[in-house]
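Novice: Turn these sequences into a full structure, and let the hints guide you.
The lines below spell out each chain.
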Amino acid sequence: MAENVIDISNLKKYFAEVKALDGINFSVKKGIIFGMLGPNGAGKTTTIETMTGLYQRDEGEISILGLDPERSLKMLQKKMGVQLQSPSLFPRLKVVEILNLFASFYQNPLKISNVLSQIGLQNKKDSWVKKLSGGQKHRLAVGLAMISNGELIFLDEPTTGLDPQARQDLWNVIRNLKAEGKTVFLTTHYMDEAQKLCDDLVILDKGKIIANGSPEKLINDYFKDRVIELEDMGLNNSFKERIKKEVFYNRLSFEEKKGHVLLYSDQIDKTLKSLFQLADNYERELNDVVIRKATLEDVFLKITGREYRDEAV
Amino acid sequence: MKLFKEVFIANIKELLRDKSGMFWLVAFPVIFVFIFGLIFTGNTGQQSYTIGLVLEGSSVINNNIEKALLKNPSFNIRKGSQEEEVNALQEGKRELVIIIPEIGFDLNSQYDIQILYNRDLNGTANIIISSLKEIFYSIERRLTEQTELFNIRPEAIQAKTLSDFDYILPGILAMAILQLGLFGSFQFLNLREKGIIRGLGVTPLSRSVILSSEILMRLIIALIQTILIVFLGKWLFDVQITGNLLQVFGIVIIGALSFISLGYMLITFADSMESGRGIVQVVQFPMLFLSGIFFPVEFFPSYIKPIIKALPLTYLGNALREVMVGIPAQTTMQRNIIILLLWTLVTLVLTIKFWKWE
Chain A
1 MAENVIDISN
11 LKKYFAEVKA
21 LDGINFSVKK
31 GIIFGMLGPN
41 GAGKTTTIET
51 MTGLYQRDEG
61 EISILGLDPE
71 RSLKMLQKKM
81 GVQLQSPSLF
91 PRLKVVEILN
101 LFASFYQNPL
111 KISNVLSQIG
121 LQNKKDSWVK
131 KLSGGQKHRL
141 AVGLAMISNG
151 ELIFLDEPTT
161 GLDPQARQDL
171 WNVIRNLKAE
181 GKTVFLTTHY
191 MDEAQKLCDD
201 LVILDKGKII
211 ANGSPEKLIN
221 DYFKDRVIEL
231 EDMGLNNSFK
241 ERIKKEVFYN
251 RLSFEEKKGH
261 VLLYSDQIDK
271 TLKSLFQLAD
281 NYERELNDVV
291 IRKATLEDVF
301 LKITGREYRD
311 EAV
Chain B
1001 MKLFKEVFIA
1011 NIKELLRDKS
1021 GMFWLVAFPV
1031 IFVFIFGLIF
1041 TGNTGQQSYT
1051 IGLVLEGSSV
1061 INNNIEKALL
1071 KNPSFNIRKG
1081 SQEEEVNALQ
1091 EGKRELVIII
1101 PEIGFDLNSQ
1111 YDIQILYNRD
1121 LNGTANIIIS
1131 SLKEIFYSIE
1141 RRLTEQTELF
1151 NIRPEAIQAK
1161 TLSDFDYILP
1171 GILAMAILQL
1181 GLFGSFQFLN
1191 LREKGIIRGL
1201 GVTPLSRSVI
1211 LSSEILMRLI
1221 IALIQTILIV
1231 FLGKWLFDVQ
1241 ITGNLLQVFG
1251 IVIIGALSFI
1261 SLGYMLITFA
1271 DSMESGRGIV
1281 QVVQFPMLFL
1291 SGIFFPVEFF
1301 PSYIKPIIKA
1311 LPLTYLGNAL
1321 REVMVGIPAQ
1331 TTMQRNIIIL
1341 LLWTLVTLVL
1351 TIKFWKWE
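If you're matching them up, the sequences are chains A and B in order.
So the first sequence is residues 1 to 313, counted in this note's numbering.
So the second sequence is residues 1001 to 1358, counted in this note's numbering.
If you are wondering where the hints come from, they were derived from the structure by calculation, not from laboratory data.
For clarity, every value in this text was computed on a predicted model and none was experimentally measured.
Treat each hint with caution, since some may be false.
Covered stretches of chain B, going by a simulated chain A footprint (3 or more residues, C-beta under 8 Å) [unchecked claim]:
| hint | stretch |
| --- | --- |
| 1 | 1008–1015 |
| 2 | 1187–1200 |
| 3 | 1203–1216 |
In the EDC-like style, the derived pairs of lysine to aspartate or glutamate whose C-alpha atoms are separated by at most 20 Å in a straight line are [said to hold, decoys possible]:
| hint | chain 1 | residue 1 | chain 2 | residue 2 |
| --- | --- | --- | --- | --- |
| 4 | A | Lys131 | B | Glu1014 |
| 5 | A | Lys29 | A | Asp7 |
| 6 | A | Lys130 | B | Glu1014 |
| 7 | A | Lys74 | B | Glu1358 |
| 8 | A | Lys125 | B | Glu1006 |
| 9 | A | Lys131 | B | Asp1018 |
| 10 | A | Lys130 | B | Glu1193 |
| 11 | A | Lys137 | B | Glu1084 |
| 12 | A | Lys125 | B | Glu1193 |
| 13 | A | Lys111 | B | Asp1018 |
| 14 | A | Lys78 | B | Glu1006 |
We treat Cβ as the ideally placed atom computed from N, Cα and C, and that holds for glycine.
Specialist: Structure (structure tokens):
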């Protein structure tokens, strides 16, 4: 059995009266990409910063690589790599120089050229840090976390604000880290990122973990079903009520979301048939009917009853 | 140690590549030396004062006095009648008028030598008068053959030509050190406010390494500024540097430590770059004027004197003037150094007490 590199139990962190983390529990197995998914303000950054020793916890137990960050921070700092934000420590240092500087902090750092090619900044290696674009700074920050060659890498929203191509590139970097046997803990507020990248994940909402497991397991647990999405236009409330009551569901589920009605069903053919029948009977037109697999977004909607909003972008 | 070296090198690169930062640290003191140098010295690079000379007699001694005055390169002597010269003084064409009666060989009488000067040019006049006194005392000693009686060493006879710029040059250095100490602390304030210092908490780099490499770098800058200011003053404006450079370095380091510590103390009370700037300005500005680094403070009203006596820059100025150009201050060197060290100690204790890394 793979050992756990992170064990968190009943972790609580308050800021004055605000419960930023309200008793969270999770474990991270060695060698996986572990995601913490949640909307902004859910407590993701607080979790990372408490795990890496920047905050003191108010309650609970933390074990990172077998160490308690409050007791053995010095030891822990040598074994992990952490990306918190864009690096602006020395804005006039060249990319290769700041990588060299960070490499000097660690006993067995990665080769600079190796990191440069992974983060795709070879042709920017002689640029000043402050002259980099936002996305490039972000990749450099990830590079600075990687260079530690630590067995555990923390990435706090590594792809926020990146364009689609840069995001894909960074995903590959993260997958490479995993291929090298490292464990990656990342936070994200992108559902698709968590779904495509993570082996295991927890969904954090308002300082609480509301679901955990692999993306497939989560979707399976909550939705073996397929999703039928209908456009809301032309559907009045009484007809919606009829859909709710009269359409065939095996495991009845009906949700509404910005302009759409969502029907979840594990017997999609029967549900569809009865839906069209209903429309026929009442001479209604159904617009823009889409049938798709459930996503993490559906999971979030189902658990919280709130739509998952991506406020950061 | 290896970490310290790496961070220190990074700090140096960062500094050398920061053009506006370099301007303040290097070009600014240099420009100051030039501007003050050009204002307070003549074209020859020698300060010269226009002095009206009124001779009421033409004895041998009178002639000797005239020759001695004419020989002095700092003096631009204009001869005339008392009326002409006093008029010229009132019109601002003379710094000072000296009226010398007929002086005979009667060594038992006393001769009054009258000196008239513009009250507004008190500082300048005092410098000229002290030079004049040297000239007259040397003539007097020769006449009365008192040299051995008072055991006055021969070098005291050389009247030292003190110019305003001699006074100002150490002041420029003191100002540079003040700026370096106070404004230099913004570098750390900036890192702190951006959360970068906090973020370093996830790496094995200790935050104190960042801070100590900053301090070392600023001490080195202080020494570079010293060399620049001293040699520019010496070569371009002929300031007579009397002290040895090592002593100057010693005082500079003591002063720099004092102001670096003060700078860090001030930013402990700041919660943003803006408030930091405000606090530092409030401290720095009055200090520049009240510490007498650019003009003597003897003429300040007496109620300000306690403030002047409390300011560390007063003592840095005094100490630098003494070791650089040999202008003795009312405060002894020992006292200057002790007070600077006391300031360092007190600000350091307060800095440690109120320090925030984040």
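Novice: It remains to establish, for every hint, whether it holds in the given structure.
Specialist: Here is what the structure says about each hint:
Taking a C-beta to C-beta cut-off of 8 Å, the stretch 1008–1015 of chain B contributes 4 residues in contact with chain A, enough for the three needed, and the coverage statement holds. For a cut-off of 8 Å, the count of residues in the stretch 1187–1200 of chain B with a CB near a CB of chain A stands at 7, and the three-residue condition holds. Coverage of the stretch 1203–1216 of chain B by chain A holds. Counting CB-CB distances below 8 Å, 3 residues qualify, and the rule asks for three or more. Our distance criterion of 20 Å between C-alpha atoms is met by lysine 131 of chain A and glutamate 1014 of chain B, whose separation comes to about 14 Å.
Restraint check: the Cα-Cα separation between lysine 29 of chain A and aspartate 7 of chain A comes to about 9 Å, which is no more than 20 Å; the hinted pair holds. Distance hint between lysine 130 of chain A and glutamate 1014 of chain B is fulfilled; the C-alpha atoms sit about 11 Å from each other, no more than 20 Å. The straight-line distance between the Cα atoms of lysine 74 of chain A and glutamate 1358 of chain B is roughly 18 Å, inside the 20 Å bound, and the hint therefore holds. A threshold of 20 Å between alpha carbons decides the hint, and for lysine 125 of chain A with glutamate 1006 of chain B the separation of about 18 Å falls inside it, so the pair holds.
Simply put, lysine 131 of chain A and aspartate 1018 of chain B have alpha-carbon atoms about 13 Å apart, close enough for the 20 Å limit, and the pair holds. Proposed proximity of lysine 130 of chain A and glutamate 1193 of chain B is supported: the alpha carbons are some 17 Å apart, at most 20 Å. Between the alpha carbons of lysine 137 of chain A and glutamate 1084 of chain B the distance comes to roughly 76 Å, so the proposed pair goes past 20 Å and is violated. A threshold of 20 Å between alpha carbons decides the hint, and for lysine 125 of chain A with glutamate 1193 of chain B the separation of about 27 Å lies outside it, so the pair is violated.
For a cut-off of 20 Å, the pair hint linking lysine 111 of chain A to aspartate 1018 of chain B is broken: about 28 Å separates their Cα positions. Restraint check for lysine 78 of chain A and glutamate 1006 of chain B: the C-alpha separation of about 17 Å stays at or below 20 Å, so the hint holds.
Hint compliance for this structure: hints 11, 12 and 13 are broken, all remaining hints hold.
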